[in-house]
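Residue strings, one per chain:
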Amino acid sequence: MSTKIALSNLSKSFPSRSAVITAIDNVSLDISSGTFCVIVGPSGCGKTTLLRIAAGLENKTSGEFSIVREDLRRPLNAMVFQGDSIFPWMSVWDNAAYGLKMRGVGSGEIREIVSHYLDRTGLLRFSEYFPHQLSGGMRQRVSIARAFANDPEVLLMDEPFSALDEQNKLILQEELLRIWEEHKKTVLFITHSVDEAVTLGDKIVVMTASPGRIKAVVDIDLPRPRNILELRRDPKFGKLVFQIWGYLRAEVDAARARAS
Amino acid sequence: MFFGERLIGIISPLLLLAVWEVFVRVGWISPQFFPAPSSIVEALIKLSRSGELWLNVSASLRRLVFGFVIGGVPALVLGIIMGLSRPIRLFIDPLIASTYPIPKSALLPLVLLIFGLGENSKIAMVAMGVFYPVIMNTVTGVLQIPKIYFDVGANFGASRWEIFRTVALPGAAPFIVTGIKLGIGMGLILIAIAEMVGADSGLGYMIWNAWQLMDVETMYVGLLVIAFLGFVFTLLLDELERWLLPWRKTI
Ligand SMILES: Nc1ncnc2c1ncn2[C@@H]1O[C@H](COP(=O)(O)OP(=O)(O)OP(=O)(O)O)[C@@H](O)[C@H]1O
Ligand SMILES: [Mg+2]
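Protein chains in written order, with my numbering: chain L, 51 to 310; chain W, 347 to 597.
Next up, chain W with everything else stripped away, as it sits in the complex (with noise of 0.2 Å):
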């Protein structure tokens, strides 16, 4: 049963792509627009052998973890300290809640006049995609911790710091999860487009720089590799959830 369902989710996208294939042989769609899937995994192994896709892949990489790790930690902090603090949060919400509906992909041109064209302006937007999602869940985590777990924490003698670290941090972790799992869906969104833009290297670069070259395998090469980096994180959080929530019930 369970092999069963396993199969018939692969069965789906192993089928299409072989009528794509099919498709692209027998002249019913073009190849320009849509290349057959195996000239496409051709391209795939020509970009990998030449080292050019591990350049774009790392250059990338670098920009999503500083980024992460830039726009992540103090969001995070900031966050439990608005759930914990109500004067903070009345202080700060406002700033939060107007800037967030501002699309970040619009803001690349003031980021890049800011930051220049450099690495920068990449780990920059990232950090604001990741900063978002990552405050508001953390916020909303804390808030959602009962009362009386603080109360504990108080009538237990625990400091400010430790009620942080033993009440407000763990209770609040499913929910920041949450945030940092929807913080790299936003950073891989705006990584790409950031390297679009007055970038030599990169995923991003790779799709865009294909695209003046009317060079199509491997743009789709760039957004095979994209998709395969999303899913590959969302294994990775989906482990790390496992191993730093070992207490829900849930998973």
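Only chain L is shown next, with the shape it has when bound in the complex (with noise of 0.2 Å):
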């Protein structure tokens, strides 16, 4: 398949009082299209940094980074962040239409889309609500449903899901699972839990502790679309998940030696 993302030597660093903190360096990879990749790294390894290059809100400063373009008519990107950052003076259907609206849709296109992505996330009965009368993971959700019905080339998704509880976790990875399968879109997806990376993810992308860079890339070749119950009595999944802890360990031991 055609590659859809494409980073070569990508560095990053961020000038401080005292010294340059290295956030990313000297990354390369590509990833085709259509692939749901994810990133897993210890805290401040510089996976928000990779991901807001991608979006275009940070400068790189050196190497190159780039998404092929297919379609001038669809944004490029849109990202679902971390943390909470739907506007809490929008309603939950404003919210989802922003993207839209910013970008001139007329209003019966956005009336269908919007009332579309806010279905398959259950949101449909809360659009008149503000994000202050719903819980933590309905609010995730918006901010779902907002980058989906931007229909953007990549969707870009930090740690969407790390604020949930288990329950509510498991039950936005499926939908997100089942969203995605309608569109296969090109996914770039950060993560600290291996168990969802091997969930999601076509690819996973293990970076080492602080300065960010590549210490393992690994294909997961678990059948789609899954299960994430039936998945994890699949002897390979643990396999897999077992793998990637492996070279995750030592990264983490390594932030936590640098810490201390």
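Hints in this document: simulated from the structure, not taken from any laboratory.
There could be a bad hint or two in this list.
[To be verified] In the DSBU-like style, the derived pairs of lysine-lysine whose C-alpha atoms are separated by at most 35 Å in a straight line are:
hint: 1; chain 1: W; residue 1: LYS493; chain 2: L; residue 2: LYS110
hint: 2; chain 1: L; residue 1: LYS234; chain 2: L; residue 2: LYS110
hint: 3; chain 1: L; residue 1: LYS253; chain 2: L; residue 2: LYS235
hint: 4; chain 1: L; residue 1: LYS265; chain 2: L; residue 2: LYS234
hint: 5; chain 1: W; residue 1: LYS527; chain 2: L; residue 2: LYS151
hint: 6; chain 1: L; residue 1: LYS235; chain 2: W; residue 2: LYS527
hint: 7; chain 1: W; residue 1: LYS527; chain 2: W; residue 2: LYS392
hint: 8; chain 1: L; residue 1: LYS286; chain 2: L; residue 2: LYS253
hint: 9; chain 1: L; residue 1: LYS289; chain 2: L; residue 2: LYS265
hint: 10; chain 1: L; residue 1: LYS219; chain 2: L; residue 2: LYS265
hint: 11; chain 1: W; residue 1: LYS493; chain 2: L; residue 2: LYS234
hint: 12; chain 1: W; residue 1: LYS595; chain 2: L; residue 2: LYS151
hint: 13; chain 1: W; residue 1: LYS493; chain 2: L; residue 2: LYS151
hint: 14; chain 1: W; residue 1: LYS527; chain 2: L; residue 2: LYS219
[Stated by the list, open to error] Restraint ranges, calculated between C-beta atoms of paired labels, are given here:
hint: 15; chain 1: L; residue 1: SER212; chain 2: W; residue 2: ALA500; range: 22 to 30 Å
hint: 16; chain 1: W; residue 1: LEU570; chain 2: L; residue 2: GLU178; range: 37 to 45 Å
hint: 17; chain 1: L; residue 1: ASP134; chain 2: W; residue 2: GLU465; range: 47 to 55 Å
hint: 18; chain 1: W; residue 1: THR580; chain 2: L; residue 2: SER157; range: 35 to 43 Å
hint: 19; chain 1: L; residue 1: GLN183; chain 2: W; residue 2: GLN378; range: 56 to 64 Å
hint: 20; chain 1: L; residue 1: GLN183; chain 2: W; residue 2: LEU362; range: 41 to 49 Å
[Unchecked claim] Covered by chain W, per the in silico footprint, the following chain L stretches (three or more residues, Cβ under 8 Å):
hint: 21; segment: 124 to 133
hint: 22; segment: 146 to 153
hint: 23; segment: 178 to 187
Even glycine gets a Cβ: it sits at the ideal position worked out from N, Cα and C.
Mind docking these for me? Both chains are given alone in their own frames, and the hints should help you get the complex.
Spelled out as structure tokens, the structure:
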């Protein structure tokens, strides 16, 4: 399949008062079109920074980053941000419609698309609610609906489920897989959870502790469509989780050693 | 319980009025300074029958509205622009910080000099009073908006104008409303002062004129009406706030 996202020798450092913090160090990676790519790595290894560069919200320091554009009418990317990011001053509906409105999509089309995704995320009943009337899980779903509704070529998701309890997380992972199966968009998904990475991903990129480099890239050849609960009984699933934990273990230890 | 508390709130002013009335009638306090509430009400009725009261109230209201728009709208727009752009903020901030501490009432002679004795000087005074609290609260309001909302705007392709309209303005709205409330209070103070000098209508004029004629009751009517206007404005703004900011959990 054709390359959708290409990183070559990508580096990013932040100047600070005392020293320069290197967040990402010389990362090269090719992600082909339609891949669900998951990035795991210890806290502070530069995952969010990488995604922000992909979203065009941060400048790279050196190297190359590119997303191949296929359809000029669609936005290049849409981000599901780490933490609360839906506008408190807009209703659920207006939040989900935000990207479409900014793009000047016609109101009839907006109504159709937004109601589709609010329905898919189980929020249609809450269209007129304001964020403060929703649970944390529901707010996260609005953020996901907003990104999907915008129909980007690449979806960027920064730990979208990490603030949720286990049950909500499971439900949302299932919803995400279901929606993703419909369109097979290229996804860059960040998580702390190895289980989540193996459950969702086609390809897992393990990053080293700060500065972030690529430690390993693992292809996940579990069949799709995936049933999250069934998956856990698959011995292949356990093996993959074990393998990735092995890579990660050393890095997490290293990050902790450096912190203390 | 709720009605009980409301009742307590009404009792104290009523009690004060009753004591006042009794004291005047018994002759313990001088009606020259503190005319009995009943005679103030009489004066109020007389002034409204003759049309004099409405004339003055409408003159003051008109100046308040014009001054409010002329001072408030630029303050709002400039405040948001300053909140969004650091260079512009750094450029304008010193001007505001250095002129804000000047008591606006002390500028009345200068304003009269520039705008003359007519309507414009009154409107200018109100505009100045409204301008400062609105611009300062608006800047603060924009600055406290979490950065992530601007990132969302950028990521979803919002233009500068759309960022202004969909992020900065609503995000700062709670602070802007506070600024407007303070601004209206300031406007009321300044209109009363401005109308006492070289005006021939308005509540301030009515009070000042009553003083010159030693018509103490009319003076009290003026005070009463200004207090009432302030009270009504507060109620209206609270209502406006509920309507404009339905997304706030605190109201
Ligand atoms: N705007 C910034 N200015 C300075 N340093 C920054 C900035 N953003 C990130 N950093 C630094 O870059 C490094 C990587 O941060 P980043 O947020 O990308 O980590 P992360 O992998 O997403 O961590 P987490 O899993 O905890 O979210 C950190 O050391 C952080 O302190
Ligand atoms: Mg992060």
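(message) Please list, smallest to largest, the hint numbers that this structure does not respect.
(response) 6 and 14
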